[in-house]
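A.B. asks: So the protein sequences, as listed, match chains A and B.
The first sequence: position 246 = 246 (the numbering used here), numbered continuously.
The second sequence: position 438 = 438 (the numbering used here), numbered continuously.
Only true hints are included.
Reference listing, derived: stretches of chain B covered by chain A, where coverage requires no fewer than 3 residues with Cβ under 8 angstroms from a Cβ of chain A:
hint, stretch
1, 198 to 210
2, 266 to 276
3, 326 to 339
4, 345 to 358
Result set (DMTMM-like, lysine to aspartate or glutamate): computed pairs, CA atoms no more than 20 angstroms apart in a straight line:
hint, chain 1, residue 1, chain 2, residue 2
5, B, 105, B, 30
6, B, 342, A, 171
7, B, 153, A, 451
8, B, 128, B, 78
DEER-style ranges, computed between Cβ atoms:
hint, chain 1, residue 1, chain 2, residue 2, range
9, A, 369, B, 417, 40 to 50 angstroms
10, B, 178, A, 437, 31 to 41 angstroms
11, B, 331, A, 446, 11 to 21 angstroms
12, A, 122, B, 326, 26 to 36 angstroms
Everything labelled a hint here was simulated from the structure, so no lab data went into it.
A virtual CB, placed ideally from N, CA and C, is assigned to each residue, including glycine.
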Amino acid sequence: MNVDTLYSVLGLGTVAFPALLLSVMGLTSLLGWPLGERTTARATQGAVIGGLLTAIAILAMMLASGTRYVPIELGNWEIAPTEHFHFHLKFVFDRLSVPFTILSFVLVGTIGAFANRYLHREPGYRRFFLLYDVFLLGMIVASLAGTIETLFLGWELVGLSSALLVAYFHERPAPVINGQRVWSVYRVADAAFLIAAVTLHHLTGEGNFAGLMDKGFWPEGVAELSSREALFVGLLLLVAAAGKSALIPFSGWLPRAMEGPTPSSAVFYGALSVHLGTFLLLRVSPLLDLSSLLSAAVVILGLASAVLAAMAARVQTDVKSALAFASLTQVGIITAEIGFGLRYIALLHIIGHACLRTLQLVRAPTLLHDYHSLENALGEHLPQQQAGFWERWVPDGVRLRYYRLALERGYLDAAINEYVVRPFVALFHWCDALERKWTDVLSGTPSRESDHVPPTMPIGEELT
Amino acid sequence: MSHVYVPWLEGAILVPLLAAVWVRLLRNPDMAWWHSMIACGLTLGCSVGSWAQFAARDGVEADRATLAARLVGDGVLEVDTLSAPLLPLSALLYALTVLATLRTKVRRFPFAWLLVSEAILLATLSAKEPWIIIALLAAGIVPPWVELRSRSKPTRVFLVHMILFVALLVVGQGLATIGGPSMTVVGVALLMAAVLVRTGIVPAHCWMTDLFEHASFGTALLFVTPMVGAYAAARLVLPIAPDWALRAILVLSLATALYAAGMALVQHEARRFFCYVFLSNSSLVFVGLEMATPLGLTGALCVWFSVGLSLVGFGLTLRSVEARTGRLSLDEFHGLFEHIPKLSVLFLLTSLASIGFPGTVGFVGAEMLVDGAIQVHPLVGIAIVIASALNGLAVLQAYFRVFTGTRHGGSIDLHSRISERIAVLVLTALIIGGGLYPQPGVASRYRAATELLSERQVRLGGGTATQHAGSQPAAHHSPAG
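Make the full structure from the sequences, and use the hints.
C.D. replies: Quick look at the structure:
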């Protein structure tokens with residue numbers, strides 16, 4: 001077996017383990033032979049360890065041989081030759097994808113082991129692990145994607161599993177409403193991504209990152225686009241990244257995502273999912289070099305998100321939301337680092353931050369318990385923080401405004417509801433009323449039987 | 001090399017027709033369901049046989065000495081690249097609809113008329129002569145109309161639109177046949193208007209929502225999901241319509257796709273919601289058809305297939321839920337997941353396939369459609385993506401409202417029946433299988449697209465269409481991946 005074959009086998013193994021895990025879990029559930037908790041845990045453990053070992057083996061081989069770029073070609077998924085159209089399935093192992101893949105396996109594996117106990121005998125145990133498997137596969141595919149279409153594939157899997165996991169406790173309306181909200185933001189991000197991907201195809205004739213970046217391996221690649229083209233595609237990708245990483249103006253979904261079970265909050269919104277947007281920016285970072293305007297936009301968006309999140313984090317009343325905004329602060333800074341061209345620093349920042357945040361979120365439920373134990377032992381409340389600089393020097397009125405701004409998360413959700421959702425819904429309700437009149441006139445009688453299907457339990461919040 | 005000719009196509013049309021007569025005579029509703037099921041199974045077998053036979057001939061035109069040729073004349077009913085996979089798809093939709101009909105609904109469901117409509121549909125999809133297609137399209141209106149009448153429901157909205165549709169078809173085809181440049185232009189315009197009405201392009205779409213309001217869910221589903229309007233467009237309009245006409249249809253279809261996707265988000269009731277989701281998706285098929293480029297047309301034909309499969313599954317799931325709970329309000333949470341988990345999975349899967357989610361049968365077509373659209377104009381591509389995103393919001397919102405949000409408190413057992421489970425497994429296999437291994441479908445649809453464009457080129461005398469047919473000029477964009 002030569003080195004190339006070994007790379008191929010190991011590379012395929014990295015993707016095949018999560019894919020196999022999802023196939024087994026999905027098929028057994030569908031056929032009505034659900035796996036028991038122990039089998040599920042072992043299968044998950046096996047797949048994660050298998051994938052992780054293959055990724056580490058590739059890393060070791062790359063380090064030993066000094067190779068910086070290992071492509072794994074799976075050929076064309078679909079092809080229309082005379083139209084020069086094909087969906088190219090390709091995975092790459094390079095300085096960006098290998099650390100991110102290993103990080104994904106480590107964190108997802110850790111959370112898998114944690115969730116196995118945390119969700120023991122929960123009615124939704126299997127549903128959680130099925131979605132967890134979809135997420136794992138999505139993360140690995142997105143991390144290793146060698147073409148923009150392959151990245152989109154993984155991106156979508158991550159989005160769907162995330163939204164459904166936010167709505168994990170689906171017998172209550174609030175998680176479901178929040179899941180829908182997360183999904184709405186993700187669809188906007190996905191639409192921007194898809195348009196960017198197709199535009200990129202048409203501008204370069206390539207979806208292949210290696211071809212797109214022309215010379216050099218990540219992060220030294222040079223994109224073959226003009227400055228204006230790079231700005232257009234880059235801004236679309238920035239919208240996609242902002243949606244996925246909860247940057248302004250989409251920050252509102254992040255605290256909503258904490259409605260899901262702690263394990264999924266920890267690994268998805270605290271650690272991996274929230275960094276996927278920044279990963280995308282890193283992957284297409286050669287585009288940023290072509291347009292200083294685009295780089296400036298990335299920096300401004302990152303810093304603005306960081307400032308807003310830092311403000312919001314200080315007024316949260318529950319630990320998970322506070323951690324969510326703390327996480328967003330760091331993601332904003334990472335985005336700014338990418339805009340400044342500090343690619344390796346951003347990558348290191350992602351890895352360190354993801355690990356820390358996973359630990360904090362997993363620790364959060366027991367932390368409160370520990371505080372209570374401490375207070376019981378002391379026989380009094382723990383000492384409160386003394387008034388600091390801001391309390392002493394900033395007038396009350398300004399602090400109150402600042403507090404309200406932070407509490408309302410910069411009024412971003414309210415603005416989206418007021419200026420996007422409400423006019424949209426009003427417009428289509430008006431169209432619906434017009435249609436009703438028209439069909440009533442045509443039929444000569446009230447035309448809608450559906451009017452006699454009344455709701456029995458109104459929904460608290462309008463979903464869109 | 002000579003091939004033994006087996007009259008699969010004729011069988012696929014005659015079996016449901018004869019079975020309809022037989023089922024009409026049966027007095028026992030359970031027996032009617034069983035016999036209909038057997039007839040639909042046989043029809044499906046015959047249609048698969050006709051596809052296989054066509055594929056075995058490697059796409060060569062039908063043998064003129066077929067039984068149909070002897071009965072009704074040469075070239076009247078035959079399988080070609082466009083219709084070959086549509087026949088089994090349509091037969092499958094009928095078989096699954098009958099299979100997923102619960103016993104509580106068997107007494108009221110008009111199986112005989114269902115079989116008649118299946119025979120008409122299969123004949124329509126295998127017809128190539130314009131006047132035969134028009135006659136069959138007109139005949140296809142009768143079964144739902146009879147059902148509406150028998151249920152004492154208002155028929156006027158449906159009838160007004162369908163009469164308009166047939167009248168436009170007849171006059172349009174008449175003028176196009178008479179010939180002369182001005183006559184042909186008017187004829188094409190009228191034919192265009194006809195297919196727009198049948199497809200439910202805004203503002204001529206109200207008949208579709210009205211049909212879903214008043215007819216049984218199964219009948220409405222089977223009348224709209226095979227998308228015979230798109231078939232009529234491909235056979236009657238595409239070959240002779242000038243570019244401006246296609247562009248006009250494209251714009252209207254795009255507007256409909258966006259409008260219907262927006263309307264789906266504000267619906268209060270499940271059937272109307274489904275109707276708008278379907279309308280949005282079928283309009284996207286139309287957008288692709290009217291691009292008249294190989295890539296766009298291939299994407300449209302792929303989406304046609306995937307939308308047919310996924311939205312019938314989606315509709316059947318809603319129908320099964322409705323059979324348990326009555327008409328479903330979308331203003332409340334129903335929390336049915338714990339009671340019917342398999343149906344909820346199918347609901348999610350089919351809805352995701354309909355919006356072109358990766359790994360499902362809809363993904364490939366959606367991607368080709370967007371790629372083809374960008375070739376025509378970037379804004380067209382962007383509008384398709386926006387419509388698809390809105391549909392994505394609508395379908396997950398419906399999933400959440402039907403299956404989650406509360407605990408369903410009923411004490412009646414709602415679990416899915418064996419027949420429903422079979423339907424679920426068949427559809428899941430096709431949706432996932434088609435998503436993971438799309439190449440045969442893409443190749444077949446690409447071939448159909450190039451044939452349609454070649455025919456257009458021939459009919460238009462090598463005018464503006466020449467640049468579209470066949471392979472692209474080298475200077476044109478090349479979306480390689």
